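S.K.: First to last, the sequence lines map onto chains A and B. The opening residue of the first sequence carries number 92 in our numbering; numbering runs sequentially from there. The opening residue of the second sequence carries number 92 in our numbering; numbering runs sequentially from there.
No lab work stands behind these hints: they were computed from the structure. Remember, it's a predicted structure, so these values are computed and weren't measured experimentally. Ideal Cβ positions, reconstructed from N, Cα and C, are used throughout, including at glycine. Hints are supplied without guarantee of correctness; some may be wrong.
Claimed, not checked - The calculated SDA-like cross-link candidates involving lysine to any residue, where the alpha carbons are at most 25 Å apart (straight line), are:
#1 B:K347 <-> A:R453
#2 B:K394 <-> A:L391
#3 A:K112 <-> B:V199
#4 A:K238 <-> B:E350
#5 A:K394 <-> A:A277
#6 A:K403 <-> B:G287
#7 A:K445 <-> B:K284
#8 A:K284 <-> B:P371
#9 A:K403 <-> A:C483
#10 A:K240 <-> B:E350
#11 A:K193 <-> A:L391
#12 A:K347 <-> A:D381
#13 B:K445 <-> A:C483
Stated by the list, open to error - Derived DEER-like restraints, expressed as beta-carbon distance ranges:
#14 B:S456 <-> A:H440: 36 to 44 Å
#15 A:L286 <-> B:S179: 34 to 42 Å
#16 B:V348 <-> A:K528: 55 to 63 Å
#17 A:V534 <-> B:E525: 50 to 58 Å
#18 B:Y498 <-> A:D368: 34 to 42 Å
#19 A:D402 <-> B:P355: 46 to 54 Å
#20 B:E525 <-> A:V539: 49 to 57 Å
#21 A:T196 <-> B:E525: 40 to 48 Å
2 protein chains.
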Amino acid sequence: MSEKINTVNANGVNLSIPPLKVAIIGGGLVGSLAALNFARNGHNVHLYEYREDIRTSELVQGRSINLALSERGRKALAEVGLEDEVLSTAIPMRGRMLHDVKGQTSVVLYDPCTNQCLYSVGRKHLNEVLLNAGEKFPNIQYHFRHKLKSANLQEGSMRFQCDYEEQQLEEATADLIVGCDGAFSAVRQQMSKTLGFNFSQEYIEHGYLELCIPAKNDEFQMPPNYLHIWPRNEFMMIALPNQDKSFTVTLSMPFKVFEGIRTPKELLEFFHRYYSDAVPLIGEELLIKDFFKSKPQFLLSIKCNPFHFADKAILLGDAAHAMVPYYGQGMNAGMEDCTLFFSILREPHMTIGKALETFTERRVSDAHAICDLAMYNYVEMRDLTKRFSFKCRKMLDTTLFRFFPNYWVPLYNSVSFTSMPYSKCIANRQWQDEILKKIMFIVLSSAVLFIGALYIVH
Amino acid sequence: MSEKINTVNANGVNLSIPPLKVAIIGGGLVGSLAALNFARNGHNVHLYEYREDIRTSELVQGRSINLALSERGRKALAEVGLEDEVLSTAIPMRGRMLHDVKGQTSVVLYDPCTNQCLYSVGRKHLNEVLLNAGEKFPNIQYHFRHKLKSANLQEGSMRFQCDYEEQQLEEATADLIVGCDGAFSAVRQQMSKTLGFNFSQEYIEHGYLELCIPAKNDEFQMPPNYLHIWPRNEFMMIALPNQDKSFTVTLSMPFKVFEGIRTPKELLEFFHRYYSDAVPLIGEELLIKDFFKSKPQFLLSIKCNPFHFADKAILLGDAAHAMVPYYGQGMNAGMEDCTLFFSILREPHMTIGKALETFTERRVSDAHAICDLAMYNYVEMRDLTKRFSFKCRKMLDTTLFRFFPNYWVPLYNSVSFTSMPYSKCIANRQWQDEILKKIMFIVLSSAVLFIGALYIVH
């Protein structure tokens, strides 16, 4: 306790770490959140973003990608005092609404016991809230249209391209370089050249394409408080509600299926066959326009270890652990990186080098775990959600959760509605599987014994 | 048959592929072998190597790294007419000679049935043989001291740094770029930026360091016709014979164990404890000198997919699949890449684009399999070889192999002494495991029944 008093002041700023010049590469959700946290800890922050300031760039109505905010993201936002502001414009989603091929729907609530839910938030809006909050700090400086071209992590020197037309280069230095530059991180690229850096990137054979269910008479065309899913084995479609009462629809399927759809006629046939109830909602004309407007996008999973380089650089968010989007945890995990890192930074007698090393130690296995879970959930969402065995397990989990809310938290709930480390969520699920197996064995053997006894008695 | 006559001439050159300008990056074993093959197929080859010509560079006696040449490498050398020349100076190794902590040795032959063996060859010598053979082709040009700095694979353009002091740059173009530039391949680095390129690099926690058992009175100090192994659970040491009657010794152990040995005294204590019989052979003075001369080296495993980029570039050898060195298959697998690729190139009506794509299709799973096997064998060599169960299995395998040489080829033998695809070697082993489990079950139940019967009779 006395240690804490010695090194951390009343505002939670760790006095054992002198103010650093911190360069954050990437001004997306994780980068702008990290900037706020560093600033609150008394450091001098320079945030470099390769795009222009999204707050002044053009908004395409109803097309902004939306995200499912859950517990981990909320907690990280609460820490910088922004949770309420974000939730005030978010749309709660209380469960999955499943659409079958005939257009029949059924609902599976995420948490029938305590009514926790996911929140659909617009990526652009959330980013704007974070950037606006950062602007209030005198020790944060934004540098838009600055693309990192090269860096010497050991020396803390960077070179940015800051005007695309004239290839103008700008140099900068920092005590700490923070890579929040996403799946194709230039900071990680630099780190990957050091010996002992483990890394993997794995593309999946499914691509995705965004469509839109527009508002009709200024109303949602489907119940808004659900994450809508059309599970179809090999492929699937999901839809999340937007503030403007449209839905952003994401169609995921193997690239070879995308390639097989070459004409508007083939597209409509395909949609009428698999997603018949969605056709009138999207509208045939808009469907054709959106589908053929752009190519399906790749999806990939990225793991690496370590997340830091000496006491000079660290990776946060997708730069450290990009995942396929099917657990809705990409943003939440990235924001939780901030929660963890800044809690480590506040530990007594911490140095920046020790903080970076500790972050790697504590975070790698959880980051790998959520990457694996996201891959697993892709299978679950497009396939298992339709299966009888999945529904049975879901019911069993829900029942046990209701009776033992502190002991039996189903996997999805522990991931989405708690801050339990991801690797522990998996371990917890494995423990549950073991218990259920044993119960099944006892029930079955009792039944056999009972029938046997009946047979002998008669 | 008529197809073959139409497109492949009497020398096996595929007439459906016009002569290409081929740039091979890397003049090591795989690069120089690939150059020979391309040249024999009528293409114009430019081989770029970042080091100087090893044939004119200084040789350090007894320190050249040696390699275990086996069936796949031999076959690839035979195809370019160099097998006999290479084998004439190679040293056959008929089995493993195991050294226990007390210095007692025992022998496990690789192939007691048909006497196949591994051949210890010097990397430098083999590379020289290949480069000399290439020099005879008017359509091969060597460019030493050319380091690839950047490449545009799509356009087939490359930029080389060809004088280190003056940073002189040279530009070149090619129809096909062949990356034979090893584990840290610059060509792969370029390829990895394309969407859909799967990649992983995994460092192991063990490093290695090379020592030397010099010749004594111009004689080998240990029996030369074995691969000597000192298995010690967490760490191990191996030694391969050299032409000059020395042995190159490779010490592998966790970095933390290396770090724990800081003084000559600690080193000698460590060696007397674990490798007592090797100390007088190496000599205390040389041991201390070699051990502290350089830092232990990292070992890593690299997998990727695909191995090609459009009809413009391909990766062969370590650039495509670097592995830990514990199956002695790194070079053999790289050379086998050439065997496979050039056999595809000779198929009727082949185009270069189709050949590259086919190579990826046929090679990826086998390359991944041998990377996995190499990792597995690391455990086997330093741990299992000492175990009773390993020796039993080895005996059982040998016995079955002797009686059914066409049906029961043990894993190590199928990898080292056949050209069976690596993934099939693993599948074959799994099939053998299943059979042995069943046999064990039958034997055990028969024994139980027999004892039970005896008990009832008495």
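S.K.: Work down the list of hints and note, for each, if the structure agrees.
M.R.: Hint check:
1. B:K347 <-> A:R453: Holds, at about 20 Å.
2. B:K394 <-> A:L391: Between K394 (chain B) and L391 (chain A) the Cα gap is close to 16 Å, so the pair holds against 25 Å.
3. A:K112 <-> B:V199: Roughly 61 Å separates the two Cα atoms, so the pair is violated.
4. A:K238 <-> B:E350: Answer violated: K238 (chain A) to E350 (chain B) is near 40 Å, above 25 Å.
5. A:K394 <-> A:A277: Holds, at roughly 15 Å.
6. A:K403 <-> B:G287: Violated: K403 (chain A) and G287 (chain B) sit about 31 Å apart, past 25 Å.
7. A:K445 <-> B:K284: Judged against 25 Å, a Cα distance of about 32 Å means the pair is violated.
8. A:K284 <-> B:P371: Violated. K284 (chain A) to P371 (chain B) sits at ~40 Å, over the 25 Å cutoff.
9. A:K403 <-> A:C483: 50 Å, violated
10. A:K240 <-> B:E350: 36 Å, violated
11. A:K193 <-> A:L391: With a Cα-Cα distance of about 32 Å, the restraint between K193 (chain A) and L391 (chain A) is violated, given a limit of 25 Å.
12. A:K347 <-> A:D381: Holds: K347 (chain A) and D381 (chain A) sit about 19 Å apart, inside 25 Å.
13. B:K445 <-> A:C483: 49 Å, violated
14. B:S456 <-> A:H440: 36 to 44 Å: 51 Å, violated
15. A:L286 <-> B:S179: 34 to 42 Å: 38 Å, holds
16. B:V348 <-> A:K528: 55 to 63 Å: Given range 55 to 63 Å: violated, Cβ gap about 41 Å.
17. A:V534 <-> B:E525: 50 to 58 Å: Violated, since V534 (chain A) and E525 (chain B) (Cβ atoms, about 32 Å apart) do not stay within the stated range.
18. B:Y498 <-> A:D368: 34 to 42 Å: 58 Å, violated
19. A:D402 <-> B:P355: 46 to 54 Å: 32 Å, violated
20. B:E525 <-> A:V539: 49 to 57 Å: 30 Å, violated
21. A:T196 <-> B:E525: 40 to 48 Å: With a Cβ separation near 47 Å, T196 (chain A) and E525 (chain B) satisfy 40 to 48 Å, so the hint holds.
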